[in-house]
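Single-letter residue listing:
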Amino acid sequence: MNKKPKQGKLLTNGFAIPTIGGVDCVVEELLGKGGQGEVYKVNIGGQHLALKWYNERTRTQALKTSLEELIEMGSPSDKFLWPIQVIECQGQFGYTMGIIPAGYESAQKVQSPTVKLTYKMAAKVCLQLVDSFRKIHAKGLCYQDVNFGNLFINFQTGDILICDNENIAPHGRSITGVIGFQGFMAPEIVRGEHMPDTQTDLFSLAVLMFHLLFIEHPLDGARYANSIMDPEMVRKCYGSDPLFVFDPNDDSNRPIKGTQENAHIFWNLYPQFVKDAFTQVFTMGLNDRNKGRPLLQDWIDVFRKLQENIFPCPHCGCDVVYDTHIFKQTQQISCWRSSCTGFGQKLQVPPRLRIKVGNRERVIVLNTDTKLFQYQMAREPDFEKGGKIVGEVVRNPKDPTKWGIRNKTAETWQFVSKSGETKDVSPEKALPLSASVKNIDFKTATAEIRI
Amino acid sequence: MDNNDFVNETGAVEVSKRILRLYWLVDVSASMSGKKIGEVNYAITEVIPDLQDEAAKNYTVQMNVRAMKFGKGAAWHTSETKIENFEWTYVDADAPRTDTGAALALMAEELTEENLGAGRGLPPVIILMSDGEATDDYESGIQKLLAQKWGRKAIRIAIAIGADADTEQLLKFCSNPKECPPIEATNARKLVDSITWASVAVSQSVSQAKVGNSEDNIIPLPPMPQETIALGAETTEDEDDDVF
Ligand SMILES: [Zn+2]
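Same order as they appear, the protein sequences are chains A and B. Okay, so the first sequence: first residue is 1 according to our numbering, each after it adds one. Okay, so the second sequence: first residue is 1001 according to our numbering, each after it adds one.
These aren't lab readings, by the way, just hints derived from the structure by calculation. Quick reminder that beta carbons are idealized off the backbone N, C-alpha and C, glycines included. Heads up, some of the hints might be wrong.
Said to hold, decoys possible - Rough simulated footprint, nothing fancy, chain A against chain B, three-plus residues with beta-carbon under 8 Å:
(1) 1057 to 1063
(2) 1127 to 1134
(3) 1145 to 1154
Bound-form chain A, shown alone (with noise of 0.2 Å):
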């Protein structure tokens, strides 16, 4: 079917705006509006672009200068849906951006009933948002307007893209006067007592996590369960009186059985290591906002981490992660699945690597396709270079029996074999994946392998 274009109430389907470059900017159709303005499709030269135009009260030369700075400093990286050009006429202006490709769909979309992360897609999804979070942070700006709206997600391939750039600013500082939305917004910005920063970004950018992962807000649990949400409540609840809905201390608030399943469901599906991070967020970091929450590095090392300890079940192939803290506990590794026959019984887990790089450890999942990189063996590891290839395991073309990881670097590494001999494991050879294997050195990185 095909529908009418659009008529918004700012731009005139089909009007033609010059622009500084000589070519006209025509608009096609409304996209979509909000509370700054609208957004139109619009035409410039043959290429499809998103054109965001700015009613009167936007409007102000403060903004324009700042979507021009933004402009000249360029997209921190291709997640960004970053402002192109600004266009002017009549005394009003807007922005062009890139249009939302296909296959990308709001973050929203994992509250409906089909969509939903598997740990593989989390993990990947928060890593592109914590370093595009990173990325800013390096600049001296902040994001400011964390919420859903703002993310959209292939949830076929997990990439994601950040739209609305235009509220990021300087630390401490709001160019539009949008100071966040409710929900995402960090207690101290609801209680009025701070403008957007990095540190409420750091709030912020959880909540959106939280949400991803565990589908409910953080906050918001079985103590307004008979609370009509009016100003009052909607303080209390994400201002003055904040209480997370897994607080270890406090039950009072734990997501409503039944209605908000979904937060427990997903909770429990998650091991200890990620729970602990928006634990600290959500208790300590309500308050302490300078050491109470985690840092970005840290929501690197969670996700990096979780990557690195999903292994497929034995019994059904689905995705399990190897949790230490579960394994202290009850020694063994289970499959979640209710239907599988791993399920409550102890899994044959993978070969695991201990990777110690100074006096930090890593303990690796090795399953067929395990890739090593650069950052698993670095000291201080390079954000951009981190995810370079080092090392990848590999079968014994001469018994597909046995399996080693191939040295994909230009150094040589070194083990001491069952007999007390050092051996050299040169570029492109394979160190044995064997129980019997001691004293790794990888050189930037010692290691020990454990079956």
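Since the structure of chain A is already known, use the hints to place chain B with the ligand on it.
Coordinates of chain B with the ligand only, in the frame set by chain A:
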């Protein structure tokens, strides 16, 4: 394992949404007949797709709407319906009276705790549209409405249609009389704009749980749209400026 399998296996349930109820209270006294009631019908028809678009994007709030007409007494025009299923049937205006008091009393009956439960809802939005002075006991209607918890917490917006509307009376209905006194819709375009604003923008503010900076318990209302002419519009005679 693909996403569907994963979702099925987790046992994930549908998110339980908070309900946002939007009520349209339409004056159908004879003085509304003709252009005014036509514009009200038109505005509501036009605003439904916008509300449906908003609803489709919101997985945490369920918007339900219900319409009432009042003239000689008051009666529900529709049942409470999810916005995605809502269809508007035109109302006619031929009543010999303007029983606004009866409308408010009927609204109060709707908003009892027995009817709506104790909570986990959002403040309802009630839009009262009238072009005249109440012909019955307006005061007692207001008292009944405010006696209900949901009635007190409701965002109550009045639209005064045309020059003869009793704005002083309507002012008593408004939940935020200072910042949002009765909207004076003195022409057709203003009427459509104000119905759209009160329905879409106000309910957006409620569902996003906006709070003001002050400590009071008033939901800050988004500013009314200014009358603007879209850039690039053909400048024709403005036919919308007739006082009616
Ligand atoms: Zn299984």
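Here is how each hint holds up against the structure:
For the segment 1057 to 1063 of chain B, the stated coverage by chain A is satisfied: 4 residues place a CB nearer than 8 Å to a CB of that chain, which reaches the threshold of 3. Counting residues of the segment 1127 to 1134 of chain B whose C-beta lies closer than 8 Å to any C-beta of chain A gives 0; at least three are required, and the coverage claim is violated. Closer than 8 Å: that is the beta-carbon criterion, and the segment 1145 to 1154 of chain B has 3 residues meeting it against chain A, so the requirement of 3 holds.
Taken one by one, the earlier hints fail for this structure only at number 2.
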